[in-house]
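Number of protein chains: 2
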Amino acid sequence: MSQQASELFDNFQELTPSEFFRKNKQMLGFTGKIRSLTIVFHELITNSFDAAEEAGILPEIKIDLKRVDKDHYILRHSDNGPGIPEDYIMKVYCTMFAGSKFRNIQSRGQQGLGCSGCVLLSQMTTGEPARVKSAWEVDGELKGADLEFKMDVKKNKGMLLNRKSYDPKHTGVCIELEFKDVSYSLAEQGAFEYIRRTMIGNPHAKIIFRDPTGHKYIFNRAADMVPVLPKEVLPHPRGVTADDLIFMAKHTDKRRFRSLLTSSLSRMSNKRIAEIEELTGIDLNKRPKDMKWEEAEAIVDAFSKMDFMAPPTSGLIPIGDDQIEDGMKEILKPEFIAATTRKPVTYRGGVAFIIEAGIAYGGDAGRLVNDQRKSEIMRFANRVPLSFDQGSCAITEALKSIDWKRYGLRDLENTPITVFVNMISTQVPYLSTGKQSIAPEPEIIHEVRQATMKVARKLQKYLRAKKAAKEEAMRSKIFEDYVPVIIRESAKLAETDVPEFQEVLAKVTRRSLAELLGENPDKAEEEVEVEFASDLDDAIENDDNKPEETLENME
Amino acid sequence: MSQQASELFDNFQELTPSEFFRKNKQMLGFTGKIRSLTIVFHELITNSFDAAEEAGILPEIKIDLKRVDKDHYILRHSDNGPGIPEDYIMKVYCTMFAGSKFRNIQSRGQQGLGCSGCVLLSQMTTGEPARVKSAWEVDGELKGADLEFKMDVKKNKGMLLNRKSYDPKHTGVCIELEFKDVSYSLAEQGAFEYIRRTMIGNPHAKIIFRDPTGHKYIFNRAADMVPVLPKEVLPHPRGVTADDLIFMAKHTDKRRFRSLLTSSLSRMSNKRIAEIEELTGIDLNKRPKDMKWEEAEAIVDAFSKMDFMAPPTSGLIPIGDDQIEDGMKEILKPEFIAATTRKPVTYRGGVAFIIEAGIAYGGDAGRLVNDQRKSEIMRFANRVPLSFDQGSCAITEALKSIDWKRYGLRDLENTPITVFVNMISTQVPYLSTGKQSIAPEPEIIHEVRQATMKVARKLQKYLRAKKAAKEEAMRSKIFEDYVPVIIRESAKLAETDVPEFQEVLAKVTRRSLAELLGENPDKAEEEVEVEFASDLDDAIENDDNKPEETLENME
Chain A
1 MSQQASELFD NFQELTPSEF FRKNKQMLGF TGKIRSLTIV FHELITNSFD
51 AAEEAGILPE IKIDLKRVDK DHYILRHSDN GPGIPEDYIM KVYCTMFAGS
101 KFRNIQSRGQ QGLGCSGCVL LSQMTTGEPA RVKSAWEVDG ELKGADLEFK
151 MDVKKNKGML LNRKSYDPKH TGVCIELEFK DVSYSLAEQG AFEYIRRTMI
201 GNPHAKIIFR DPTGHKYIFN RAADMVPVLP KEVLPHPRGV TADDLIFMAK
251 HTDKRRFRSL LTSSLSRMSN KRIAEIEELT GIDLNKRPKD MKWEEAEAIV
301 DAFSKMDFMA PPTSGLIPIG DDQIEDGMKE ILKPEFIAAT TRKPVTYRGG
351 VAFIIEAGIA YGGDAGRLVN DQRKSEIMRF ANRVPLSFDQ GSCAITEALK
401 SIDWKRYGLR DLENTPITVF VNMISTQVPY LSTGKQSIAP EPEIIHEVRQ
451 ATMKVARKLQ KYLRAKKAAK EEAMRSKIFE DYVPVIIRES AKLAETDVPE
501 FQEVLAKVTR RSLAELLGEN PDKAEEEVEV EFASDLDDAI ENDDNKPEET
551 LENME
Chain B
1 MSQQASELFD NFQELTPSEF FRKNKQMLGF TGKIRSLTIV FHELITNSFD
51 AAEEAGILPE IKIDLKRVDK DHYILRHSDN GPGIPEDYIM KVYCTMFAGS
101 KFRNIQSRGQ QGLGCSGCVL LSQMTTGEPA RVKSAWEVDG ELKGADLEFK
151 MDVKKNKGML LNRKSYDPKH TGVCIELEFK DVSYSLAEQG AFEYIRRTMI
201 GNPHAKIIFR DPTGHKYIFN RAADMVPVLP KEVLPHPRGV TADDLIFMAK
251 HTDKRRFRSL LTSSLSRMSN KRIAEIEELT GIDLNKRPKD MKWEEAEAIV
301 DAFSKMDFMA PPTSGLIPIG DDQIEDGMKE ILKPEFIAAT TRKPVTYRGG
351 VAFIIEAGIA YGGDAGRLVN DQRKSEIMRF ANRVPLSFDQ GSCAITEALK
401 SIDWKRYGLR DLENTPITVF VNMISTQVPY LSTGKQSIAP EPEIIHEVRQ
451 ATMKVARKLQ KYLRAKKAAK EEAMRSKIFE DYVPVIIRES AKLAETDVPE
501 FQEVLAKVTR RSLAELLGEN PDKAEEEVEV EFASDLDDAI ENDDNKPEET
551 LENME
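First to last, the protein sequences are chains A and B.
In terms of the UniProt record's numbering, the first sequence opens at residue 1 and continues consecutively.
In terms of the UniProt record's numbering, the second sequence opens at residue 1 and continues consecutively.
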């Protein structure tokens, strides 16, 4: 039974990333039929948006989902982006951990896993090849390629099966994949809801979606301009670790520490270099290859003591509160809406990020659970909806920590609100490979709380005014109902005729209606009381009355 | 601003797994100071257990955690396992996606990421090399190597810095790693609690732990036998997909479909082969390389129509209900305990698994929150505690779906219970790379519910009996308090002397005390009532009494 070490290691193997994820597809988010399809939509839409925006193109995506059989679909996804040059097509779709996005830039995708994951899932469930038509421009010339390929998981590479040329009309990519064991659903975590949320986070995009019943949904733009393209920014000194410096030093072509630092980090100048030398006592003319861990640590320590300007914000392009409001209005038709965009700050010392939050109340806000509208939380990272793993997400954690009663809401759960939170960053700290939740860094939680509390206060103001108006209306109603009765009874007691009071009452209630609509309610209320008292006296002294009619009029 | 496709792809790169995880260490579970250290403990303990058990050795681990400075520790972890042959040491600790565990065997580790992840974290936070002393046996001869190395993340390989020989006394591995930005904590998700839970799931192991204050904890074995070694089992036909068959066919050295099937799958015989040929019409004498997707699908479809014996259970070794109870008793000292081990079943058609559940009530069960004991859920997979990401885990989902009121508990949250659930499988469907939650497959949820409801029913029985005893005691108390009063008042009304009743009452209450302790309470209760009625009549007819004294006695 028992084995020696040498036998135990007989079958020691090394896997390629594709092999690894073939055995662990749930780590790419492919778990469950509904979720798997949503993740496919997510990966493809995300890539199309990033590519289009980098090329300065307003994204327009066409998605066609055909049902072949139960849990069996063919998906065609095409975009109007810049396309993929032929040499890179199979790398993008068949090589895991490969991509053009490993830069310090705000983009939706970051990991070189998304598209290849979709191809892997398609292949694993149907054995069918992927078909990609790509059209791209080289020196003003439009080129096109139409490839059919499979993924060789043992090699983490594509295997070309068929190649055709074609004459494209414009740039873009169209991919066709076949899936089994996935399912299209209208549920909250389904593909349709994913598109809907995508539109809230990306009001500048257009998506035309033909669902498996053949119904065509056209999600139009709520805004007609390409978002400002985020710039690639150098990492901020406060955001680098000793390990980062060592890694940079090892793989740089610079000849000196000083040039390595000024060329690899933002906010770095000769003055700064002098400051570092003074603080650390290290001669920064040394060669990067000779950098020792202690030196790297000393430099990082010096960074923490130096005053730097905040990271350049040109790298971070938020959606903006107006656009968030537009997006939410378009989709939710709420009774009340507020949004806010916070100033850029940093987490882990130097990774810049921006939190945006919006809150919508009433209308289609919230989600319908057994005929009751409950709250709905929409989490986004770089405009991408996060549909799963909400439990461990910084956004959920922050929202749960807010004392909602302070904002006049019963609790977070049982209120017809949609809370929108978006994190913008060059480096979103995802908790899982499926990119569905954000690590609960304290600074992120703080910012989400601040942003949400700000819009919650606005909602509270609105709800208070609404409640005050309602109460005022109720007081008015009571006033209208009882005054005639009191007058009549007073007249009876005084054994006089019931006086003419209708005109006065109408005047009074009109006044209080005016007050409902606004200006200086406290003062107005006082005045009403004064008038009421004096007019009533006057009224009682008059003698003509038509109580029945009046009561009817009042109703 | 805008870029052409060709420029966008200028910086297209391919990352190694190490580079990828260096940029995404949170995907290995390294997020937060406390969690990071817990994950390190988890990975090292897990590997030591697996290795020792495979070699038929009762695991004994020594862990020494030294505090160097705030958030800065040196960890030394040594085991008595079979050791790692020198050629594999750096592969185990520096090459990601490499390992000996990619087999269909129940083991704690599965992914070839754990140990190398710890080395990566150490290197990223301190720049220090790892030091590993390993001793292994070759043909009865004990060999030893003492290596110091770093990880070359660009190459996903180790870089040897120093090598010494040493003369080992016994086999085993000792690794020393230095960490910054981690923190030792006694919190629920901290390293100490991780060890405590590990002991509940592994009563056959011994762990000696010296904490940063120098305090030495010795967790002794509650059971003195090595768990039966799980056998590697061939996958069950119901558990393979068409993609699996294609993959096997592509990488086999067999010459025929038939031999591929019989050698790669369990429960496969010549009779089965004939059945498949009949059902599919495929000639199974074909060469594996020629297998088409349609054929693979047809074979999988045939599998689903055939009657197979369940997967061999020799591959699954549960902890066992007795051992779970022993483990929980040892650690929790509860007032009540029950455990159960379910029969093996399958998920996703053919992956066998076993669910075990235990429930402990009272004593140290539950967790202390603001001086109140609340419930505590301990999730395990192949005996390994799962400390994080509980929100999305199948176990949590299943437990939440149980109607706890039916079992006499207020709810899952506010009851002083510890619920233990362990999933045993050759293939635990983890949701994240950090291996902290189980995918909510319907069959898994069903089994967790069944197992937990069974132990909950036992707890309910116990709580009912306890409640009945309490109520009986209360009835008894009322009886004792009021009988003297009634007797005195009756005597007054009848204008007779108060009779002697103490002896009779004592007799009656003694009886009911006896009933409290147990046998046949329903019948006993009836008897009490009968006796009460007749004795009272008798008592009233007697005449001597000392009411004041009696009342005092009663208090």
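It is worth saying that the hints were derived from the structure and are not from the lab.
Hints may contain errors.
Unchecked claim - Straight line, CA to CA, 25 angstroms or less: simulated DSS-like cross-link-like pairs of lysine-lysine:
#, chain 1, residue 1, chain 2, residue 2
1, B, Lys329, B, Lys164
2, A, Lys458, A, Lys333
3, A, Lys292, B, Lys23
4, A, Lys154, B, Lys329
5, A, Lys292, B, Lys164
Claimed, not checked - Quick look at which bits of chain A chain B covers, simulated, 3 or more residues with Cβ under 8 angstroms:
#, segment
6, 24-36
7, 91-98
8, 117-131
Unchecked claim - For each label pair, taking beta carbons as the anchor points, the in silico distance ranges come out as:
#, chain 1, residue 1, chain 2, residue 2, range
9, A, Lys467, B, Lys405, 45 to 51 angstroms
10, A, Gly140, B, Arg287, 46 to 52 angstroms
11, A, Thr213, B, Arg255, 20 to 26 angstroms
12, B, Arg287, A, Asn220, 40 to 46 angstroms
13, B, Met159, A, Tyr166, 44 to 50 angstroms
14, B, Arg76, A, Asp253, 38 to 44 angstroms
15, B, Glu443, A, His72, 20 to 26 angstroms
16, B, Arg67, A, Lys333, 54 to 60 angstroms
17, B, Lys461, A, Lys374, 17 to 23 angstroms
18, A, Asn11, B, Lys405, 48 to 54 angstroms
19, A, Arg367, B, Lys405, 25 to 31 angstroms
20, A, Lys216, B, Arg255, 26 to 32 angstroms
21, A, Ser185, B, Lys470, 55 to 61 angstroms
22, A, Lys333, B, Thr313, 55 to 61 angstroms
Beta carbons: idealized from backbone N, C-alpha and C, even for Gly.
Quick rundown of the hints versus the structure:
1. With a C-alpha separation of about 45 angstroms, the suggested pair lysine 329/B and lysine 164/B falls outside the 25 angstroms cut-off, and the hint is violated.
2. With a C-alpha separation of about 18 angstroms, the suggested pair lysine 458/A and lysine 333/A falls inside the 25 angstroms cut-off, and the hint holds.
3. About 21 angstroms separates the Cα atoms of lysine 292/A and lysine 23/B, which keeps this hinted pair within 25 angstroms; it holds.
4. Straight-line distance between C-alpha atoms of lysine 154/A and lysine 329/B comes to about 48 angstroms, which puts the hinted pair past the 25 angstroms bound.
5. Pair hint lysine 292/A plus lysine 164/B holds up; C-alpha atoms about 24 angstroms apart against a cutoff of 25 angstroms.
6. Only residues whose C-beta sits within less than 8 angstroms of a C-beta in chain B count toward coverage, and the segment 24-36 of chain A has 5 of them, enough to reach three; the restraint holds.
7. Counting residues of the segment 91-98 of chain A whose beta-carbon sits less than 8 angstroms from any beta-carbon of chain B gives 4, enough to reach three: the coverage restraint holds.
8. Using a Cβ-Cβ cut-off of 8 angstroms, 6 residues of the segment 117-131 of chain A lie near chain B, which meets the minimum of three, so the contact claim holds.
9. Between lysine 467/A and lysine 405/B the CB atoms are about 36 angstroms apart, so this pair departs from the stated range of 45 to 51 angstroms.
10. For the pair glycine 140/A and arginine 287/B, the supplied restraint of 46 to 52 angstroms holds, since their beta-carbon distance comes to about 51 angstroms.
11. As the Cβ distance of threonine 213/A to arginine 255/B is approximately 48 angstroms, the hint placing it in 20 to 26 angstroms is violated.
12. Range check, arginine 287/B to asparagine 220/A: about 55 angstroms between beta-carbon atoms, so the 40 to 46 angstroms window is missed.
13. For the pair methionine 159/B and tyrosine 166/A, the beta carbons lie near 49 angstroms from each other, so the given range of 44 to 50 angstroms is met.
14. Evaluation of the 38 to 44 angstroms hint for arginine 76/B and aspartate 253/A yields a pass: the beta carbon distance comes to about 40 angstroms.
15. The supplied range of 20 to 26 angstroms is met by glutamate 443/B and histidine 72/A, whose beta-carbon atoms lie about 22 angstroms from each other.
16. At about 58 angstroms, the beta-carbon gap between arginine 67/B and lysine 333/A stays in the expected band of 54 to 60 angstroms.
17. Against the hinted window of 17 to 23 angstroms, the Cβ-Cβ separation of lysine 461/B and lysine 374/A comes to about 37 angstroms, which falls outside the hint.
18. Between asparagine 11/A and lysine 405/B the C-beta distance comes to about 51 angstroms, which sits within the given range of 48 to 54 angstroms.
19. Checked against the given bound of 25 to 31 angstroms, the beta carbons of arginine 367/A and lysine 405/B, roughly 26 angstroms apart, stay inside it.
20. At about 52 angstroms, the beta-carbon gap between lysine 216/A and arginine 255/B misses the expected band of 26 to 32 angstroms.
21. Against the hinted window of 55 to 61 angstroms, the Cβ-Cβ separation of serine 185/A and lysine 470/B comes to about 50 angstroms, which falls outside the hint.
22. Range check, lysine 333/A to threonine 313/B: Cβ separation about 57 angstroms, and the 55 to 61 angstroms hint holds.
In terms of the numbered hints stated before, the structure departs from hints 1, 4, 9, 11, 12, 17, 20, 21, listed from lowest to highest.
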